[in-house]
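Number of protein chains: 2
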Amino acid sequence: MNLSPTLSTAISNFQLPDPLGFGRVTGPVMFVADYINGAWQAGELMTYEPIALNPAATSLQFAQQCFEGLKAFWVEQDEPALFRPDENAKRMARSAERLCMPEVPHTLFLDGVKAVTQAMKPLIPRRSGESLYLRPMLYGMDTQYPLAGSDNFRFAIVCSPSAAYFAKPISVLVERDACRAAVGGTGDVKAGGNYAGSIQATRRCIERGYDQPLWLDPVERRLIEELSAMNICAIIDGALCSPALNGTILPGITRATLLTLADDLGMPALEQPIDINSLLDDIDSGRCSELFACGTAAIVNPIAVLADGQRITRLQQVDAEAARFKAALLGIQEGRSADSRGWMFNSAE
Amino acid sequence: MNLSPTLSTAISNFQLPDPLGFGRVTGPVMFVADYINGAWQAGELMTYEPIALNPAATSLQFAQQCFEGLKAFWVEQDEPALFRPDENAKRMARSAERLCMPEVPHTLFLDGVKAVTQAMKPLIPRRSGESLYLRPMLYGMDTQYPLAGSDNFRFAIVCSPSAAYFAKPISVLVERDACRAAVGGTGDVKAGGNYAGSIQATRRCIERGYDQPLWLDPVERRLIEELSAMNICAIIDGALCSPALNGTILPGITRATLLTLADDLGMPALEQPIDINSLLDDIDSGRCSELFACGTAAIVNPIAVLADGQRITRLQQVDAEAARFKAALLGIQEGRSADSRGWMFNSAE
Numbered sequence: 001m002n003l004s005p006t007l008s009t010a011i012s013n014f015q016l017p018d019p020l021g022f023g024r025v026t027g028p029v030m031f032v033a034d035y036i037n038g039a040w041q042a043g044e045l046m047t048y049e050p051i052a053l054n055p056a057a058t059s060l061q062f063a064q065q066c067f068e069g070l071k072a073f074w075v076e077q078d079e080p081a082l083f084r085p086d087e088n089a090k091r092m093a094r095s096a097e098r099l100c101m102p103e104v105p106h107t108l109f110l111d112g113v114k115a116v117t118q119a120m121k122p123l124i125p126r127r128s129g130e131s132l133y134l135r136p137m138l139y140g141m142d143t144q145y146p147l148a149g150s151d152n153f154r155f156a157i158v159c160s161p162s163a164a165y166f167a168k169p170i171s172v173l174v175e176r177d178a179c180r181a182a183v184g185g186t187g188d189v190k191a192g193g194n195y196a197g198s199i200q201a202t203r204r205c206i207e208r209g210y211d212q213p214l215w216l217d218p219v220e221r222r223l224i225e226e227l228s229a230m231n232i233c234a235i236i237d238g239a240l241c242s243p244a245l246n247g248t249i250l251p252g253i254t255r256a257t258l259l260t261l262a263d264d265l266g267m268p269a270l271e272q273p274i275d276i277n278s279l280l281d282d283i284d285s286g287r288c289s290e291l292f293a294c295g296t297a298a299i300v301n302p303i304a305v306l307a308d309g310q311r312i313t314r315l316q317q318v319d320a321e322a323a324r325f326k327a328a329l330l331g332i333q334e335g336r337s338a339d340s341r342g343w344m345f346n347s348a349e
Numbered sequence: 001m002n003l004s005p006t007l008s009t010a011i012s013n014f015q016l017p018d019p020l021g022f023g024r025v026t027g028p029v030m031f032v033a034d035y036i037n038g039a040w041q042a043g044e045l046m047t048y049e050p051i052a053l054n055p056a057a058t059s060l061q062f063a064q065q066c067f068e069g070l071k072a073f074w075v076e077q078d079e080p081a082l083f084r085p086d087e088n089a090k091r092m093a094r095s096a097e098r099l100c101m102p103e104v105p106h107t108l109f110l111d112g113v114k115a116v117t118q119a120m121k122p123l124i125p126r127r128s129g130e131s132l133y134l135r136p137m138l139y140g141m142d143t144q145y146p147l148a149g150s151d152n153f154r155f156a157i158v159c160s161p162s163a164a165y166f167a168k169p170i171s172v173l174v175e176r177d178a179c180r181a182a183v184g185g186t187g188d189v190k191a192g193g194n195y196a197g198s199i200q201a202t203r204r205c206i207e208r209g210y211d212q213p214l215w216l217d218p219v220e221r222r223l224i225e226e227l228s229a230m231n232i233c234a235i236i237d238g239a240l241c242s243p244a245l246n247g248t249i250l251p252g253i254t255r256a257t258l259l260t261l262a263d264d265l266g267m268p269a270l271e272q273p274i275d276i277n278s279l280l281d282d283i284d285s286g287r288c289s290e291l292f293a294c295g296t297a298a299i300v301n302p303i304a305v306l307a308d309g310q311r312i313t314r315l316q317q318v319d320a321e322a323a324r325f326k327a328a329l330l331g332i333q334e335g336r337s338a339d340s341r342g343w344m345f346n347s348a349e
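Sequence order for the protein chains is A and B.
Going by our numbering, the letters in the first sequence line up with residues 1 to 349, in that order.
Going by our numbering, the letters in the second sequence line up with residues 1 to 349, in that order.
Note that these hints are calculated values from the structure, not bench results.
Any given hint could be a false lead.
For identical chains, the list gives no copy identity; a pair is met inside one copy or between any two copies.
Stated by the list, open to error - Derived pair list, reagent style SDA-like, types lysine to any residue, alpha-carbon separation capped at 25 Å:
(1) K90 with Q200
(2) K326 with R24
(3) K326 with D151
(4) K90 with A244
(5) K168 with P17
(6) K121 with P146
(7) K90 with R203
(8) K326 with M46
(9) K168 with D34
(10) K121 with S12
(11) K326 with S8
(12) K326 with A304
Okay, chain A solo, but in the shape it has when bound (with noise of 0.2 Å):
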């Protein structure tokens, strides 16, 4: 891949962090796209650095703004691999569709995140569980003083060499009194204005001890949804059980590879309905062995503790299936087993 020498000399004297943690830092490549005048244009590989917005832009007064995760993993492969990227392709063309923004091609994702993958190749760790974090963003350009959309967008990708999310097993705080997304709302599509509303939880929670809180239902606020940067899985009866979509949690792409993987693992798996107090309850008699958070960040992450306010569940079994499935998934993402689902895109192809 030729690059150009401001960005081969701006990668050679890149830094990584030590620890490596999630997110600590932006490697200095993107990728920028625009939408201009109903076409994309084509889209150019740069040294990261901040972009110009009119400071009424419709991505900055009305959050019409979406983002994707994904990782590129280079440990047993030869060349860095990127796990599912036209999921996020997809689901990125459905947010974008939400928040009235056009669809981003295809073509311009995938060229996209293979891009700035090869460029930053120096830069990726290969450590089992590290990887190069990916950032698609497209955001609305156009100044708009009526509630409008824009006319013109950016599609960028930044990107962060990173562990995983979380370095231990979590503890979970249900929130009882904020809701992340209404019926009918943007919850089930990846756009910034979901999370806005939970920082202030997720700080409130932090504050309290706890790694997460869990979401619950907008409306009869009894049932389980997501923490509030990642899924939650549950092993219950010996299964592998994820609240049911219902149009308010987000469909995670390592969510559903879970339940997918579970048929490998000899383990049915379930989407339904999961009631807070009944898998409180669950977990006390045993009935729920296990809990984990699932995310393209947070991989698949053990729970300990479950606190619903003065209640303090702990689980009776930590990582033991959680453990399984995290094997499972690392081994297709990072080489060691068969992909024989086609999961995983060569960047260099």
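Got chain A sorted already, so can you dock chain B onto it with the hints?
The following block gives chain B in isolation, referenced to the frame of chain A:
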């Protein structure tokens, strides 16, 4: 007021559009103040221009952003006067708190809107119904990959010399599918995310020949809330009625003002839950004689038609009481009536 030569030239060279319309142009002046390392820096008046933002700033990824809308009027007064800017400062403080952003100090907010107004004097339209529309905004400036807020923020004020949002009575379409904000979400503050999800329904509504959707509550989906960019009021049994603030409705400053002005007009004012089906029946029976939109941008705007799917309901009376409220409001805003409540702030003081 001493302006830089660049700013003076930009103002001298600026042409207002004809017709003026609402929000068709951004004035050549903006005000910017940064919050860095836990402290607000001095604000600066500068030429309106794009700002530099990290592409993955929390404002652009997680919609950690909020805005306000207020107006400076210069019709009968000696100096342009701002309408209730203290209320906008308070609401922005509430928005900021909900989104984990620092409060813009009251004095910084007022100094900023006054400075922009004074600099824009040569460009403030002076006919009744016209004004300088000001849009203060607050955004998170730091890049974050985990879900977390920024530590550094920017407060910016841009402006648009404008007429009213609509130039005629509007038709409104009940939105039965999408919802604007969740209970426990951000609907009662001016967060960008509330608006991102509203663009689609607003666009669909316009495509069908209507002007604004009427949002229903996100739980029972039967109580009216607001229009996409303004509140709604009804005249029922001779009283001014507006939907009760329930946590998902934006507490509009014009709405609150009209509820106060009703007393001056000898009309009872009620804030109460309003069921959409009852409202449609009340329009048919004549109990509800009139409907109108209200907001800083819309001022008081009559509604001629309320449509719910195939049921098209015409208001028996259009712009009778609305015209009285509008005259009372504009009388104060434009300096014809006494400002007995201290609502007007002289921008030169």
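Hint-by-hint comparison with the structure:
For the homomeric pair K90 and Q200, the shortest alpha-carbon distance between copies (19 Å) is at most 25 Å, but the shortest distance inside one copy (29 Å) is not. Taking the shortest Cα distances, K326 and R24 sit within 25 Å of each other inside one copy (23 Å), while across copies they are farther apart (53 Å). In the homo-oligomer, the alpha carbons of K326 and D151 never lie at most 25 Å apart, since the shortest distance is 42 Å inside one protomer and 34 Å across protomers. Taking CA atoms no more than 25 Å apart as the test, K90 paired with A244 passes inside one copy only; the shortest distance there is 20 Å, against 40 Å between copies.
Proximity of K168 and P17 under a CA criterion of 25 Å is satisfied intra-copy only: 19 Å inside one chain copy versus 60 Å between copies. For the identical chains of this complex, K121 and P146 are inter-copy neighbours only, at 23 Å across copies versus 45 Å inside a copy, given an alpha-carbon limit of 25 Å. With identical chains, the CA atoms of K90 and R203 are at most 25 Å apart between copies only, with a shortest distance of 23 Å across copies and 31 Å within one. In this assembly of identical chains, the alpha carbons of K326 and M46 never lie at most 25 Å apart, being 34 Å within a copy and 53 Å across copies at closest.
Within a single copy, K168 and D34 get their C-alpha atoms no closer than 40 Å, and across copies no closer than 36 Å, so neither meets the 25 Å cut-off. Within a single copy, K121 and S12 get their C-alpha atoms as close as 11 Å, which meets the 25 Å cut-off; across copies the closest is 52 Å, which misses it. Taking the closest pair of Cα atoms, K326 and S8 never come within 25 Å of each other, the shortest separation being 35 Å inside a single copy and 63 Å across copies. Within a single copy, K326 and A304 get their C-alpha atoms as close as 16 Å, which meets the 25 Å cut-off; across copies the closest is 60 Å, which misses it.
Going down the numbered hints, you'll see the structure goes against 3, 8, 9, 11, while the others check out.
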